[in-house]
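Novice: Sequence lines, in order, name chains A, B and C.
Our numbering puts the first sequence at residues 203 to 583.
Our numbering puts the second sequence at residues 203 to 583.
Our numbering puts the third sequence at residues 203 to 583.
Hints are computed from structural coordinates only; laboratory data are not their basis.
Mixed in with the good hints, there may be bad ones.
Where chains are identical, the list cannot tell them apart; a pair therefore holds if satisfied intra-copy or between any two copies.
[Stated by the list, open to error] Once the Cα atoms are required to be at most 25 Å apart in a straight line, the calculated DMTMM-like pairs of lysine to aspartate or glutamate come out as:
#1 K528 with D346
#2 K249 with D429
#3 K222 with D264
#4 K249 with E477
#5 K222 with E412
#6 K221 with D264
#7 K271 with E216
#8 K542 with D447
#9 K249 with D481
#10 K249 with D447
#11 K362 with E412
Only a predicted model underlies this, so the values are computations on that prediction, with no experimental measurement involved.
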Amino acid sequence: QVESDERPLSVSQEGIGFKKDSVFLLNLRFRMQNRFGYFSTMDNIDKPGIEAVVRRLRLRFDGYVLNSKIGYYIQLSFSRSDQDLVSGNVSQIVRDAMVYYNVSKKLYFGFGQSKLPGNRERVISSGNLQLPDRSIANSTFTIDRDFGFFAYSTINSGPKHTVFLKGAVTSGEGRGQLVSPGGLSYTIRAEYLPFGVFKNVGDYSQGDLEFEEKPKLSIGTSYNFNDGTNRAGGQLGSILPNAVDLQTFIADLMFKYNGWGIMSEYFDRKAGGFEYTADNALAMNRIPRGTGLNIQLSRMLGRKHEVVARYSMVTPEKGFESYQYKLQNKALGYNYYLNKHRVKFQYYIGLDNRQHPGEIAELRHTFTNRLNTMIQIELGI
Amino acid sequence: QVESDERPLSVSQEGIGFKKDSVFLLNLRFRMQNRFGYFSTMDNIDKPGIEAVVRRLRLRFDGYVLNSKIGYYIQLSFSRSDQDLVSGNVSQIVRDAMVYYNVSKKLYFGFGQSKLPGNRERVISSGNLQLPDRSIANSTFTIDRDFGFFAYSTINSGPKHTVFLKGAVTSGEGRGQLVSPGGLSYTIRAEYLPFGVFKNVGDYSQGDLEFEEKPKLSIGTSYNFNDGTNRAGGQLGSILPNAVDLQTFIADLMFKYNGWGIMSEYFDRKAGGFEYTADNALAMNRIPRGTGLNIQLSRMLGRKHEVVARYSMVTPEKGFESYQYKLQNKALGYNYYLNKHRVKFQYYIGLDNRQHPGEIAELRHTFTNRLNTMIQIELGI
Amino acid sequence: QVESDERPLSVSQEGIGFKKDSVFLLNLRFRMQNRFGYFSTMDNIDKPGIEAVVRRLRLRFDGYVLNSKIGYYIQLSFSRSDQDLVSGNVSQIVRDAMVYYNVSKKLYFGFGQSKLPGNRERVISSGNLQLPDRSIANSTFTIDRDFGFFAYSTINSGPKHTVFLKGAVTSGEGRGQLVSPGGLSYTIRAEYLPFGVFKNVGDYSQGDLEFEEKPKLSIGTSYNFNDGTNRAGGQLGSILPNAVDLQTFIADLMFKYNGWGIMSEYFDRKAGGFEYTADNALAMNRIPRGTGLNIQLSRMLGRKHEVVARYSMVTPEKGFESYQYKLQNKALGYNYYLNKHRVKFQYYIGLDNRQHPGEIAELRHTFTNRLNTMIQIELGI
Numbered sequence: 203q204v205e206s207d208e209r210p211l212s213v214s215q216e217g218i219g220f221k222k223d224s225v226f227l228l229n230l231r232f233r234m235q236n237r238f239g240y241f242s243t244m245d246n247i248d249k250p251g252i253e254a255v256v257r258r259l260r261l262r263f264d265g266y267v268l269n270s271k272i273g274y275y276i277q278l279s280f281s282r283s284d285q286d287l288v289s290g291n292v293s294q295i296v297r298d299a300m301v302y303y304n305v306s307k308k309l310y311f312g313f314g315q316s317k318l319p320g321n322r323e324r325v326i327s328s329g330n331l332q333l334p335d336r337s338i339a340n341s342t343f344t345i346d347r348d349f350g351f352f353a354y355s356t357i358n359s360g361p362k363h364t365v366f367l368k369g370a371v372t373s374g375e376g377r378g379q380l381v382s383p384g385g386l387s388y389t390i391r392a393e394y395l396p397f398g399v400f401k402n403v404g405d406y407s408q409g410d411l412e413f414e415e416k417p418k419l420s421i422g423t424s425y426n427f428n429d430g431t432n433r434a435g436g437q438l439g440s441i442l443p444n445a446v447d448l449q450t451f452i453a454d455l456m457f458k459y460n461g462w463g464i465m466s467e468y469f470d471r472k473a474g475g476f477e478y479t480a481d482n483a484l485a486m487n488r489i490p491r492g493t494g495l496n497i498q499l500s501r502m503l504g505r506k507h508e509v510v511a512r513y514s515m516v517t518p519e520k521g522f523e524s525y526q527y528k529l530q531n532k533a534l535g536y537n538y539y540l541n542k543h544r545v546k547f548q549y550y551i552g553l554d555n556r557q558h559p560g561e562i563a564e565l566r567h568t569f570t571n572r573l574n575t576m577i578q579i580e581l582g583i
Numbered sequence: 203q204v205e206s207d208e209r210p211l212s213v214s215q216e217g218i219g220f221k222k223d224s225v226f227l228l229n230l231r232f233r234m235q236n237r238f239g240y241f242s243t244m245d246n247i248d249k250p251g252i253e254a255v256v257r258r259l260r261l262r263f264d265g266y267v268l269n270s271k272i273g274y275y276i277q278l279s280f281s282r283s284d285q286d287l288v289s290g291n292v293s294q295i296v297r298d299a300m301v302y303y304n305v306s307k308k309l310y311f312g313f314g315q316s317k318l319p320g321n322r323e324r325v326i327s328s329g330n331l332q333l334p335d336r337s338i339a340n341s342t343f344t345i346d347r348d349f350g351f352f353a354y355s356t357i358n359s360g361p362k363h364t365v366f367l368k369g370a371v372t373s374g375e376g377r378g379q380l381v382s383p384g385g386l387s388y389t390i391r392a393e394y395l396p397f398g399v400f401k402n403v404g405d406y407s408q409g410d411l412e413f414e415e416k417p418k419l420s421i422g423t424s425y426n427f428n429d430g431t432n433r434a435g436g437q438l439g440s441i442l443p444n445a446v447d448l449q450t451f452i453a454d455l456m457f458k459y460n461g462w463g464i465m466s467e468y469f470d471r472k473a474g475g476f477e478y479t480a481d482n483a484l485a486m487n488r489i490p491r492g493t494g495l496n497i498q499l500s501r502m503l504g505r506k507h508e509v510v511a512r513y514s515m516v517t518p519e520k521g522f523e524s525y526q527y528k529l530q531n532k533a534l535g536y537n538y539y540l541n542k543h544r545v546k547f548q549y550y551i552g553l554d555n556r557q558h559p560g561e562i563a564e565l566r567h568t569f570t571n572r573l574n575t576m577i578q579i580e581l582g583i
Numbered sequence: 203q204v205e206s207d208e209r210p211l212s213v214s215q216e217g218i219g220f221k222k223d224s225v226f227l228l229n230l231r232f233r234m235q236n237r238f239g240y241f242s243t244m245d246n247i248d249k250p251g252i253e254a255v256v257r258r259l260r261l262r263f264d265g266y267v268l269n270s271k272i273g274y275y276i277q278l279s280f281s282r283s284d285q286d287l288v289s290g291n292v293s294q295i296v297r298d299a300m301v302y303y304n305v306s307k308k309l310y311f312g313f314g315q316s317k318l319p320g321n322r323e324r325v326i327s328s329g330n331l332q333l334p335d336r337s338i339a340n341s342t343f344t345i346d347r348d349f350g351f352f353a354y355s356t357i358n359s360g361p362k363h364t365v366f367l368k369g370a371v372t373s374g375e376g377r378g379q380l381v382s383p384g385g386l387s388y389t390i391r392a393e394y395l396p397f398g399v400f401k402n403v404g405d406y407s408q409g410d411l412e413f414e415e416k417p418k419l420s421i422g423t424s425y426n427f428n429d430g431t432n433r434a435g436g437q438l439g440s441i442l443p444n445a446v447d448l449q450t451f452i453a454d455l456m457f458k459y460n461g462w463g464i465m466s467e468y469f470d471r472k473a474g475g476f477e478y479t480a481d482n483a484l485a486m487n488r489i490p491r492g493t494g495l496n497i498q499l500s501r502m503l504g505r506k507h508e509v510v511a512r513y514s515m516v517t518p519e520k521g522f523e524s525y526q527y528k529l530q531n532k533a534l535g536y537n538y539y540l541n542k543h544r545v546k547f548q549y550y551i552g553l554d555n556r557q558h559p560g561e562i563a564e565l566r567h568t569f570t571n572r573l574n575t576m577i578q579i580e581l582g583i
């Protein structure tokens, strides 16, 4: 066994690598997103508000041990607004902690905590977004991260036709949960790329920064059944008085060509599997269900500038309109890429519309329309 | 003063080292433990439960500054189930933060936060365990970590006879405590190794992965007096209405030979130094006291496979049986070592027995017997 | 574009550097402060207390991306006593997260979270202090850290005359705050160095470890207007029932010559811009306002030993004496510098005096005089 340690360290465009053949590879990266923004009305108080925060600050370790078949991926988040503190005051620093076994280039398995193979917008790293935050459709209906078993395979069914199949069996309670009762969560996803793979994994990065020379398309669809979850959003949200079965259907697409980019996704969520009682009615009626839509169109202006438009909406399921918000967002964005998504400046302006016809105190509608604008700088290696 | 920085980086079997002579050495390591398990009954609810968590995710820095006499050791824990959140919602990220002064190879002093020289099972790193968690005897009676002054010495009293003497004077309130009243905690420990030292510090690593060619034995005994602690377990546990004096006596042993391993320990804890009142009686009666026993037997099957059996029990002190659980655990484990304890797969199956004859609401006995089984993967450098 | 990666790693007196020209530079550093101390009376209970803690444990990343014009600075804190947990139980790990744009050597801008250009004692890193903690004047009146826009410029108005001008427009609510109402915070600061710059940035490091050969002086003055903050101390403190406008005037100086050092600062804070009501009167009267003074004198005894004396006091504004403490501290310190401020041993003994003439339950005066003594070891790279 000959080990080369002549070059144990490599500093590349993508972080810092420490390597010893047959022992391990460790890549180290960090990134932060600093934001200064303005809301004409805050979420729950009828006053203007300032958002001045380190939105995300992440440390990432990935690589392999023993040989490249046994991989790992760890991501830690340190900023307050990036730790799920909204739904509790327990700091959740660990975002990803995965062990992978690579059977071949076309098949690998994962065990640990990571993003479920759900909607594309969610699976795209927050470091590869073209608007500062994901859409309202995502925040209402995403299946987010979970802990369990994951499988990923690639099928080439023709000269360029590519199919990705993904699946996961997970706890159904989301990241960082301790012992929990109830059933598991089952996720399957298929993606079809009729014109072959994108440059530089561009089907999971927003904006056509690579200027695809021929049109590239990925169509994806996911289905999740969360058997007896205790949280209002399955992997996310407040604790419910009774367990609920959630079904989430997702369809999404990414299209890129010559600096143009389109990303879109559609959600449909149903909830059931429990009985209404006087005690649980309000909480169970407020479980987010219905449909969500997001569509983003972007155009590179030269190699460094980009303009983006987004429309997204959330529509409650019929019969639940007085318990849940109907949401709309229209937004424009501008990006200046200094080093692609690693180092960029972002400007955002959006209109939020929020309505519900009910009179429930817990759903105070302090705004129906508001303006939100912000700048954000991302810096990382 | 000539400084060599031709090889400031070394990537070894044991992490990544950054070195500059007469300036510092920094070794960087990480490890994670991902777990998926099943309980036929949860701790406090009579329902089956799933444990699907990143059990431990640690970052470790150690080395020296100026010269090898001044050492340091820092360990951070990031996963939720590894931050003492059970007894509060204050995240405790810092596990170890020590400064060492090495007088000689046989004598060194430490100042900071670290494990007390208590029971062997606790002092063994969670990365060197042969079952996914430590025993119930440890979790009930360990003296865990604390902040203060530590001393370690080695005495060779014959050709192979080796004695380790260890002591500590610490705050007595455990890790991450702010200003606290009351007396200190005093710990002494002696270990006797009649047949010389173990290969690769094997007296503090479970399982005979090194296949000792001759029998090796270490017998240890510790005594801790915690003067006026405010927590039910001294360095651990809930806050008490009155300070209590705790005495803990510990005896333990490690034996290894040709792939066989035995680890055993015994605890005896007494509590006193306070007066019972109507207000404090329940809390003070529930302070864990009595005896604990743990015995583990293991056998390597070839270089990579291991089977383990454990029996452990906790018996409340006479007179307190209706306030404290009587606990028993019988368990079997299997380990597949890909790179010794650094990268391993673990399977566990155990039976938990829990009883108390009292009728106190705070001690609801939702189970008397349950099954617990899990898999765990550890990966680190 | 020729990139040199022959020396991507450098291990220097100041941490570990990873460098790739035109891609990035990353410097990695850590430091910890371990402390064992005694209070003859605790803050809120009339009992002696032990402080045995990892007072600070920090990780620091700084460097640049693309080219040296685009800098960054990240500092994380992990120990419990270093996370603002006193005013809440939300862990605040991120201390600094800044992006800098260096227009020239004499002008640069910052965006993100960092220390405001306020009192000198606060801006000096906790790793460069000559006493274990900052003064009571600082803890009562500092404007601390905030998130927003920063500007720094240098003007040389004569052979040695140097002026630093600094300013910041920030959220006014302190670090790690989410969306908040109300106005911003405006800070300006000017510093005048009549005899030129200090060796090794000594105007922002306590103690004359560099033995200035000629007298060096820096006089600074800051003014902060915090428009409509919701916290009692502006960037710090408990949440108020009504927003308040705070004005803070600061004057400070640093003098060093031949091993002698003097650091002094003066604060004056006023609060207004709200109406008293029956409900808010107590909280608003307890907003810290008045004047603060701190003066420290130090003398190096040889290259490694130093003695320090401090006097500091806080005087409530007239009319608020029955709502706020009048504070005094007299202290002596001794430092043994093994590697300047990076590795040092510190001893401290101080007398705290605390009085208020009022009879408000919330301001129980459990002590008027107490003794506080401690040792602290700092170790870092």
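Novice: A separate judgement is required for each hint: does it hold in the structure or not?
Specialist: Against the structure, the hints:
Taking the closest pair of Cα atoms, K528 and D346 come within 25 Å of each other only inside a single copy of the chain (21 Å); across copies the shortest separation is 41 Å, beyond that limit. Taking identical chains as interchangeable, the C-alpha atoms of K249 and D429 lie at most 25 Å apart only when they sit on different chains, with a minimum of 15 Å there against 40 Å within one chain. When the C-alpha separation of K222 and D264 is checked against a cutoff of 25 Å, the pair qualifies both within a copy, at 14 Å, and between copies, at 20 Å. Taking the shortest alpha-carbon separations for K249 and E477, only the inter-copy value of 19 Å comes in at or below 25 Å, while the best intra-copy value is 39 Å.
With identical chains, the CA atoms of K222 and E412 are at most 25 Å apart between copies only, with a shortest distance of 23 Å across copies and 32 Å within one. In this homomeric assembly, K221 and D264 come within 25 Å of each other (Cα to Cα) both inside a single copy, at 11 Å, and across copies, at 19 Å. For a Cα distance limit of 25 Å, the shortest separation of K271 from E216 qualifies both inside one copy, at 21 Å, and across copies, at 20 Å. Taking the shortest alpha-carbon separations for K542 and D447, neither the intra-copy value of 41 Å nor the inter-copy value of 42 Å comes in at or below 25 Å.
Taking identical chains as interchangeable, the C-alpha atoms of K249 and D481 lie at most 25 Å apart only when they sit on different chains, with a minimum of 21 Å there against 33 Å within one chain. Proximity of K249 to D447 under the C-alpha cut-off of 25 Å is restricted to the inter-copy arrangement: shortest distance 17 Å between copies versus 38 Å within a copy. Within a single copy, K362 and E412 get their C-alpha atoms as close as 19 Å, which meets the 25 Å cut-off; across copies the closest is 52 Å, which misses it.
The structure is inconsistent with hint 8 alone, although it conforms to all the rest.
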